[in-house]
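S.K.: Please model the complete structure; the sequences and the hints are all you need to start from.
Those sequence lines, one after another, are chains A and B.
Heads up: the first sequence runs through residues 69 to 581, numbered per our numbering.
Heads up: the second sequence runs through residues -7 to 497, numbered per our numbering.
Bear in mind the hints are in silico, worked out from the structure with no lab data behind them.
The beta-carbon is built from N, C-alpha and C at its ideal position, and this holds for glycine as well.
Be a bit skeptical, because a hint or two may be false.
Here are the computed distance ranges between Cβ atoms for each label pair [to be verified]:
#1 A/R330 - B/V349: 48 to 56 angstroms
#2 B/Q413 - A/A134: 51 to 59 angstroms
#3 B/R433 - A/G403: 20 to 28 angstroms
#4 A/P133 - B/M128: 56 to 64 angstroms
#5 B/K296 - A/G453: 38 to 46 angstroms
#6 B/E277 - A/N328: 47 to 55 angstroms
#7 B/A469 - A/A294: 48 to 56 angstroms
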Amino acid sequence: MRMRTSAITGHRLTLLPAFATLLLCTGVARCQTPTADGAEEPGVFQVIATYQTFNPLIPWQKTPPATRYGYGIDVGSGCVLTTEHLVRNHTLIELRRPRSGEKIPVQVEISDPQVNLALLRLGETRHGSSAYHPKLAERVSRNQAVAILQFDETRQIQRGQGQVLQIGMTKLPRAMYASLSFKLLTDINVQGEGAPVMADDRLAGLMISHEASTRTGHMVPYSVIAQFLDDARQAPYRGFAAAGFAWTPLVDPGKRAYFNVRRPQKGVLVLSCVPGTGAAESLRPNDVILEWDGHEIGNLGFYNDNEFGRLTLSHLIKGRRVPGDIVPVTLIREGAEIEVEVTLTRLQDRVALIPENVVGARPEYLVQGGLVIRQLTGLYLRSHGPKWQQAVDARLMQLYNTRRSAPSQPGEHIVILSRVLPHPINVGYQRFADRIITRVNGRAVKNMDDVFRIVDRDGTLEGVSLRSVGVDIVLATNRLASADAQLASNYAVPDLRYRRPPGSDEADRLQGN
Amino acid sequence: MHESISKYGILLLCLLVMPVAPRFSRAAQPPAAPSSRGSVVKIHVTIQRYNYLLPWQGSRPVSGTGTGFIIGKRRILTNAHIVSDARFLQVQKDGDPRRYRARVTFVADDCDLATLTVDSPDFFENLHPLRFAERMPELDDEVSVLGYPLGGDRLSVTHGVVSRIDYSTYAHSAVDQHLVLQVDAAINPGNSGGPILYKDRIVGLAFQGLAWAENIGYAIPLPVLMHFLEDIEDGAYHGYPELGVGYLETRNPALRDSLRIPDGASGVAVLMVDPFGSARQILREGDVLTDIDGHAIAADGTIKLDGDVVIFPEILERKQWGDSVELTVWRDNGELTLGVPLTNPYDPFVYRNTYNVRPRYYLYGGLVFAPLSRGLLNVAVRSRNVINTHQLQYYTRYAKVDRLYEGCDEFVVLVNRLPHQVNTYAQGFRNGILTHVNGIRITGLNDVKKAIRQKQDGFHVMRFANMDDSLILDARAAEQADAEIMSAYGVSSRERLRRLGVGGN
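M.R.: Take a look at the structure:
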């Protein structure tokens, strides 16, 4: 059993004092006690996550707290693995063992929405566990039988059977990221995300979604988990790699001839690159990628993975490499085949022109003179009701649909006048809503940082310029302080501004955002 | 006037499509005398809309009815929306089984009005034209509505009071705003074009309803009717002249200070000058309009007119094309008086609904290119699975505001694809706005043909606005495919490049 511990935590134990201490206290005692009926079982926990989000439209208000139930599994070193979505925006996370009513509070060690995984750290109450933590599976193939573990109504571990139907890079549910996932057919309804999936008593993955009507669901597989755990156990967390370009299949024979692609059935077309990434340095729109990191790329974007079979090339980046790696790429540029090297980075949502903010991070905002100034995000747009695409102003929709991931320069965002909270100081301006702010106090702004910097330097917000509006919106600065006090009290705004503390990399690291 | 800075919020449906259950009118009432009833005629119309996706053919002809009334000089006044795109038009008097062939003499899409005439000499015999009132009724004055709504064949009369007089968008053009008369009398499909009478005199013409409301019916009020009749006196309809400014009220003292409006003066600040409006090259952004034709403009944009408080564009509502308006403007710390001649140029970027104008298009390699229009936008928005509609919405709403029109005569859209081997992989470009063909900037539909015709071999490379991918067609293959595509899909002609109107009847 001791071997099981080292199989996952491995040689890095000594590098991590926090984990090592925990292990000293708990490492030997915890794994071996058999269950009540004598059989050993893997350490499955029920995860009870209370969460609360900021109102996406009114960023100083919080929505009513709610609770999600799911599962996690002991992965050793006093850590429990679960899904990022389960613990998203948590205010309290508690674990419950099988057959137990006791709720054990835990902390989130790290979470990454790009792969929907989170690591929880158990406190001192870890003693008394009767379960072992399973090794990670080494290989799970299509059509292989697996077991899904969850609690039944008597809080005992229930084993359902499942079969791997499909392996692919799919967009994660409740997220905007594509990641390697396995589609399973199950014989039970999976009651919560994070339910561990076992293959021959090894951890094959965690369920991230389940559809009761078709009895199918998706899991994050062991390979992603291994990568995540390896990374999580060695600070700083580096995250998953990205290159920073958009591509499209290249099937059209006419187009293939136009780009002078001779290799049959091979090659995808580069459409655009994200400024500031390795792709922007090495790739250009209209390049045709023939080989990526030693693998030939088919004209639909698939390559043949030794382990998983046919996968899209993004797995070569996200699943086989880490940020900072440099990979060789063969491509056709202006009709000639050339070799380039692309440096991989960690592409984070917040560098997009319009970040999605799927995790619901608190948006930065400034309320002065009733003008609510904030950054445009995908979450903000999608919060405009079920028909948000029609409800949202056409100009913002156009930007979101055509340029959201492509700032013209690094750091560029869309700053908007979200709305005006009516007050005598802003009479005449109250109908402005969802307008793009181009200038603050007469100076150009490209993100909220600029807004805060200008306002802090000038001491106050004097006025804003709006896109295509030929008259500046100006405020009576001498009355602003008293107006702000009244606004804060009238509209119950606890903070008239929220700015993410500078150097909040730690917070980013924890949120994986 | 139409709004340069656009407004949302009011959804109006034409009476022809208003989903309101029929209501039966009360028994005959005294206010409408027999003579006036005889002048209210039923209009039988068969219309055929254009097909914007298959522009070489029309859509299914449909028949309907509306109301009109005789106003003398062998003229029948009705709504433009009843007779727009009409292919066959007849009128019928109450209690008379004969239907007379009618034709449209004038049509005004911006205020939803039209005049018809009947060539048959005996039609107007023994008919007494309805007379216009001298002035508008007041709120709460009782009015009667005459017409031929659903629920029966004969003339119907309903009663109500004037509930409100206000500005509203005219649904027929979708962009124009004028005065409307709101009444609580039952106005149902088929009432459109019927007279609203106050003391037996015309004060309005029933024209639209509010979809989810009760007892709200709208009529085109007397001043708009008179404006139309005055406009056509010279034998042509010119339309309402537009000043073409978006403005911001200056009630905010800080704004007044920053605009340096002197004490005692007031006005509105110009936010945007419509590049196709009358005030282009005369007014500038940041100007403060303080007076219009001698009426002082208040900080909220209202003026006093005939003892009433109205928004200042009401002055424009009373002008005819070719008139001028005098504006006093506060600019650069000084006062200017500017005369603005009111003659609007042709504006391809206003995106009114158009009628009786066949859609232009150009077909190549199974790809149908057409200029962006409101008709096209409506089709795209209605069909759920069509991509890139957000872009068409942005371009129609913001063409002038965000200066997207610059360097363009019109926006050319890939509206449809007739599938054929040559264009199999072009589906992602549907509803894209074409910017370049073979490196040539596309400023209008004619450019597409020119750019394509210049190249016989190799590849046509088409670029679309805000799209990273290019559409690439093998030139020879596309050329050869055309005959096959046209025959397979029943395309009668590969192009209609010139603007062609078609008579209503």
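S.K.: Now look at each hint and say whether the structure bears it out.
M.R.: So, going through the hints one by one against the coordinates:
1. A/R330 - B/V349: 48 to 56 angstroms: Check passed, 49 angstroms falls within 48 to 56 angstroms.
2. B/Q413 - A/A134: 51 to 59 angstroms: Since the Cβ atoms of B/Q413 and A/A134 sit about 54 angstroms apart, the hinted range of 51 to 59 angstroms holds.
3. B/R433 - A/G403: 20 to 28 angstroms: holds, 25 angstroms
4. A/P133 - B/M128: 56 to 64 angstroms: holds, 58 angstroms
5. B/K296 - A/G453: 38 to 46 angstroms: holds, 41 angstroms
6. B/E277 - A/N328: 47 to 55 angstroms: With Cβ atoms ~50 angstroms apart, the hint holds.
7. B/A469 - A/A294: 48 to 56 angstroms: Since B/A469 and A/A294 have Cβ atoms about 50 angstroms apart, the given range 48 to 56 angstroms holds.
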